[in-house]
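S.K.: So the chains spell out like this:
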Amino acid sequence: MTDPVRPSFIERFAKVYGVVLTVGAVLSAIILGVALITVTLDVLLRNLFVSGILGVIEYTEMGLYAATVLTAPWLLRRGEHIKVDLLSQFGPRPIARIADIVSDVLGFVVMAIVGWYAFLSMRDSYLAGSIMRRSVNFPEWLLLLPLVISMALLAGEFLLHLRISIANLRHPDKSQSTA
Amino acid sequence: MSWIESLIILLGGISVLMLLGPPVAVAFLAINVVGAILYLGGDPGLKQLARNSVSSLNNFSLTPIPFFILMGEVLFHTGVAMKSIDAVDRMIRHVPGRLAVVALVAGTVFSAISGSTIATTAMLGALLLPQMLERGYDRKMAMGPIMAIGGVDVLIPPSALTVLFGSLAGISIADLLIAGILPGIIMSALFIGYVIVRCMLDPKLAPSGVSNATHDGAWTAFLLHLGPLVVIFTAAVGSIVMGWATPTESGALGAVATMFVAAFYGGLTWAALKRAFMGMVAISSAILFILMAALTFSQILSFSGATDGLVSFVQGAKLSPTVLLIGMLAILIVLGFFIDEVSIMLITIPFFMPILRDLNVDLLWFGILYMICMQVGLLSPPFGLLLFVMKSTAPPDTKVTEVWAAATPYLVMMMMVMTLVFFFPWFASGWIGK
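These protein sequences, in sequence, are chains L and V.
Mapping the first sequence onto our numbering, position 136 (from 1) lands on 136, and the numbers just tick up by one.
Mapping the second sequence onto our numbering, position 390 (from 1) lands on 390, and the numbers just tick up by one.
There may be inaccurate statements among the hints.
Claimed, not checked - Here are the simulated DMTMM-like pairs of lysine to aspartate or glutamate, each with C-alpha atoms no more than 25 Å apart in a straight line:
(1) V:399 x L:80
(2) V:399 x V:134
(3) V:274 x L:80
By construction, these hints were calculated from the structure, which means they are not laboratory data.
Since this is a predicted model, take the numbers as computed values, not measurements.
Construct the entire structure; sequences and hints are all you get.
M.R.: This is the structure we're talking about:
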C-alpha cells in the first residue's frame, strides 16, 4: 500500500523521469530555434553575399526529425498525443480501463521492438562506418540515435503509465489521472 | 497473401487499434511492425522500418510546419493576435459569427503562403481557436471553419501541393494553379455563407463579444492592429515573390518577422517566447510523430500490394470511364483517411495517370478534382488527419466526436463543390479557356 505522505520509490523515479522527458522537449525547442535562425541567416546571406550556409537543409531536416522524436515522450507524459478516444468516451467504464491497459502494453511492446531494431540498425551503421552523403556528410548511426533514445523513453513512460492504468482498474473510486 | 487480405490486415488492423485508444502514432507503428514482419522479411524489414522512420521526417519541405505553428503561438502569446482579431471584429461587428468568418478569411489569405493544409490548420487552430472559445463560441462553430479552410488552401495559389501534383502528373503547373482559383473561391464563399446563416438562425453559436463597442475608431484600430499581420504576410510572401526564399524557407522568415512585430508592439517577453516555443514543439511533434508513422504505413501498404491491387481492381473491372473516375476519386478519399497528401500522390499518380491518358480525360479537370478529393479524405471522420490536427490544438477536454461533428457540414459543402466540378468541368478548366 502506498504511503500517502511519503512518495514511494517508483513515484520519485517517475518524477525524475518526468524531468528527463522535459529536458528532451526543451532540447527540441532549442534545436528548432537554432534551425529557425540558421534558415533565416542562410536566406539573408545567400541574397546579400551570393553564398549561404553550407548544409543548412541537411541540418534543418535532421533537427526537425530529432525535435519530433525527442518531444514525443514528453507529450506522452502530458497526455497530449493525438488519440481516437471513442472507447473511453462511449464504452463502459471497466472496458475503457481495460483498453487503457491494453494501450499501455501495446505502446510498451511496439516502442521496445522499434527501439531495439533502431538500436540494431544504429550498431550496424556504426560498425560498417555508413555515411549519409549529401552536401554535408553525416554518420548514419548519429541519425538513428535520437530514435533509439525516444523509443527507449517512450517504452519507459508506457510502463510507468501502465502502473497508473492498473491502479485505476483495481481502485476505480481512486482513479488517477491518465494524462 | 492476396491484396484483399493485405488490405483487410493493414486497414482493418489500424482501425481496430485506433479504436482501442492508444496514441494514433502508436497504432500506426504497431501495424508497421506487423507489416514489416509479413511483407518486408522480418528482421531486415524491422530494421528498415527504423530507418524509414528517420527518413520520413528528414524532409525539408516539412519544416514550415513548426515555423508556421510558431508564428501562431508567438502572435497568440504576445497578445498581437488578440489585437488584430479585435480590430477585424470591430470592422465586421454586425456580421454574425464574425470570428468564424475571420478564421475563413484568414485561412484563405494564409493558404496563399503556407502550401501545407496541416500547417494552416495547426496555425489557425493555435491562433484563433482559443480566442473563439474564450468568447463563448460553440466549439463546433469554432473548430469547423479552421479545419475546413484546408479545402480552400490547396486550391488557391500558391500551393506547394499543387506544384508537386503538377510535376508528378506531368500537367502544366501554371494552368493547375489558375484553374483552382474559381473552385477555391466558390468553396470559401459557401463556407462563409454557411457560418453567417447558421449564426443568424442561432446567435448562441457565436456570441457577440463586442456588441457594446462603437464603430468609432474602428478604422484606426483596423490599420494599427492589422498592420502587424500585413507585415508578417509581406515578409513571408514577399520573400517568395522576390525570389529570395523558397516557400519552405518563407516559413522561417515569417516566424522571425512575427517575433520582430511582437517586439515592436512590446509583447515579446521571455515568458511569452518560452510559451510559444514549447507550444510549437508540442503541436508540431504531435503532428509530425503521426506523419512519421503514417508515411511508413503508406510504404508498407504499397509494398504489400494492397494499393496496387486496389487500383488494378478498379482498372480491370471493365467499367465505364465515368464509373472508373468515380472509383479513382473514391480511392483518393479512402486513402485520405489514413495518409497525408504527399504520400497519396506518390502512391496513386503512377497508377492513375496512364489510365486517365488512355481514357482521354481532361487532366486539368481531374487535377482539380484530385486536390478536392484529398482534402475530403483529410477531413473525413473518423480518421482524417486534419481531425487529429484539430484535436491536438483544441482544449484537452474536447471530444473526438465534437471534432467530427464540426467537420461534417464543411465536408458536405466540399463534396458539393466536387460534384459541381465533376458535372461541370467548366468550373475547373473551361473558365481559363483550356
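S.K.: Compare the structure with each hint and give your call.
M.R.: Hints and how they fare:
no.	hint	result
1	V:399 x L:80	holds, 13 Å
2	V:399 x V:134	holds, 18 Å
3	V:274 x L:80	holds, 18 Å
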